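Listed here are the chains, written in short residue letters.
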Amino acid sequence: MKKSYKIEVDCANCANKMEEAAKKTAGVADASVNFMALKMKVEFEEGADVDKVMKDVLANCKKVEDDCEIFL
Amino acid sequence: MIRVETMNKKQKKNLIRIIITSVILVGLHFVPAKGLVRFGLYLIPYLIIGYDILIKAFKGIKNRQAFDESLLMAIATIGAIALALYSSGDYVEAIAVMLFYQVGEWFQSYAVGRSRKSISDLMDIAPDYANIEGEDGELEEVDPDDVEIGTVIVVKPGEKVPIDGVVVEGHSSLDTAALTGESLPRDVVEGSEVISGCINLNGLIKVRTTKEFGESTASKVLELIEDAGSRKSKSENFITKFARVYTPIVVYAAIGLAIVPPLVSMAFGLNANWGSWIYRALTFLIVSCPCALVISIPLSFFAGLGAASKKGVLVKGSNYMETLSNTRTVVFDKTGTLTKGSFTVTAVHPEELDEEELLHMAAHVERYSSHPIAQSLRDAYAHEKDDCSVENIEEVAGHGIKATINGKTVCVGNSKMMESIGADWKPCHHVGTIIHVAIDGRYEGHIVISDVPKEGSKEAIASLKKNGIRQTVMLTGDSKEVADHVGSELGLDIIKSQLLPQDKVSEVERMLDDRDSEKEILAFVGDGINDAPVLSRADIGIAMGGLGSDAAIEAADVVLMDDDPRKIVTAIRISRKCLRIVKENIWFAIGVKVLVLILGALGFANMWAAIFADVGVTVIAVINAIRCMKI
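Taken in order, these protein sequences are the chains called L and P. Just so we're aligned, residue 1 is where the first sequence starts under our numbering, counting upward by one. Just so we're aligned, residue 1001 is where the second sequence starts under our numbering, counting upward by one.
Think of the hints as simulated: they come from the structure by calculation, not from any bench. Values in this document were obtained by computation on a predicted structure and should not be read as measured data. There is no bait here: all hints are sound.
Computed list of lysine-lysine pairs in DSS-like fashion (alpha-carbon distance at most 27 Å, straight line):
| id | chain 1 | residue 1 | chain 2 | residue 2 |
| --- | --- | --- | --- | --- |
| 1 | P | K1480 | P | K1454 |
| 2 | P | K1056 | L | K63 |
| 3 | P | K1117 | P | K1012 |
| 4 | P | K1234 | L | K3 |
| 5 | P | K1310 | P | K1156 |
| 6 | L | K39 | P | K1630 |
| 7 | P | K1416 | P | K1426 |
| 8 | P | K1466 | P | K1311 |
| 9 | L | K24 | P | K1234 |
| 10 | L | K6 | L | K55 |
| 11 | P | K1062 | L | K63 |
| 12 | P | K1056 | L | K39 |
| 13 | L | K55 | L | K41 |
| 14 | P | K1012 | L | K6 |
| 15 | L | K52 | P | K1062 |
| 16 | P | K1056 | L | K23 |
| 17 | L | K24 | L | K2 |
| 18 | P | K1117 | L | K39 |
| 19 | L | K2 | P | K1211 |
| 20 | P | K1577 | P | K1316 |
Kindly produce the complete structure, drawing on both the sequences and the hints.
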């Protein structure tokens, strides 16, 4: 399953770091951050609990870039 | 230009911090304080401009992000302040590093915000409401998402059509510029299809919706543009990978630079000169931020995609932009792509009657037929609905139509029909479908009907060649005679005719196999509905979008919204410009950074040079990237 989220982040490199962090989160099959459109596309693994996974994604993103937000 | 009202809250706040810090720095220049007092005074502007960076740096340590940009910047500036405290007392340099870093961040944020805004304005096609007429005749504004298929909505002059549908009442002109880049308005009457995103210019129209809002053209197009940036180009992937290794390498080099040379000097019994080497190491940290590179690449593509959409060309991803710029061969479908795909009367050859009269008779006979040929004959004779008597219309299958007009029997059809009634027909040297006309059994001449090239086709082929396209090819299912005629008129290099749809695929595959290198990109241009397999097989598929044809939007990588083949050249030129700017930025940014690193290591570049390599390069690269928006 794929979902798209609006995000808030200031720099392009931070957006790349968020993408990395999201990709590494358990339950995420693939993720892509579009800095210019401020959107994050997440492809979830089969049977993943979307709400829970996204909370982890946000927590992981906050670790690499404190000043970021994902609108869940 | 920079305008205060276009800034967001954060940008305003940071701009104020930048100004205050600059003023204090200038003021402190005239304060003759020494020692710790001086240190304390200079700490004020440093904290004003740098407090958020210091907080983020602290969080970076907590989260074990060794290569966090803020952390590196904090180390560099605190290090510089410590060195100044220890020796020279020149704190300005350290504060300037922080100040200019913030200026760079601010500028970047402002520029990105502005280009986001200008592109979303450009794509301001998504309507926010639909009008529904209530029982009392009052109009009610509703969320277009809630409008069901088959609902009649009202579009007032000046409003956008919110949902695709068919006009059931009224007539008007629609401005389709936001979707097609075409500036001429399109007239719609009862029964015309309208697509969402067009602006109703003058009359009030009622539209019966045929799609849901989410499936309507405007929503689809918007989604496409927003998603385009997610399909990343090779240059973007390269930069992301580069950034990932660049920062750690520079940081380790900085550590090495701070420790190794002094230790080596000491081993040889020389002065270790710690201060000077640490200073050089700090300049490294300032240059270690990959921001200029990372921001300028997606920004360039974003601007390029925006520029293309403005011209009515939808490119579905940055990666296609890259491919498009390397196009060497363009393969065209004929019908609907290079030609109009509809029949037009191209010649009238009467025996004794005048041309008008021959068309007049033929049009009458075809009065009630829905065949495309009948349509084209009626179009060619504008006054068909006159008071002539038209009776006994009879269709002769495989031959044509006959009717009694003003008492005379008129036969309109092919040569078989002429033979069957014993009229002495004559062949024609023109290429196309020949319609013979006989009146009361006597041959009166023929009318030639053919599919004509689109207005821009010839120009498109010529300017493709001028723009470095090596080969233009036309593939068609049509007869050799027609194909060769159209092909040579338009100036195509290779013409292949009488192909079945699967033959087109194998022709394209053969061309892909025969080329010298994978880098010589082959583009296929088709009208999208029947060409889907070829569109997906070619390196890049360009579809004639024909105002919202779903199949085309799905199958292709690039969609020409107004079906104008000249837009292929526009698209290729935009992509080339965009790629050139991307390359310029990559080389410029990496070049300056490496140069400053080398000079810094040798002791020739001070912190000011490092600031330029970071902030200056970012600003220049961003300004360069924005050029992609202008064509």
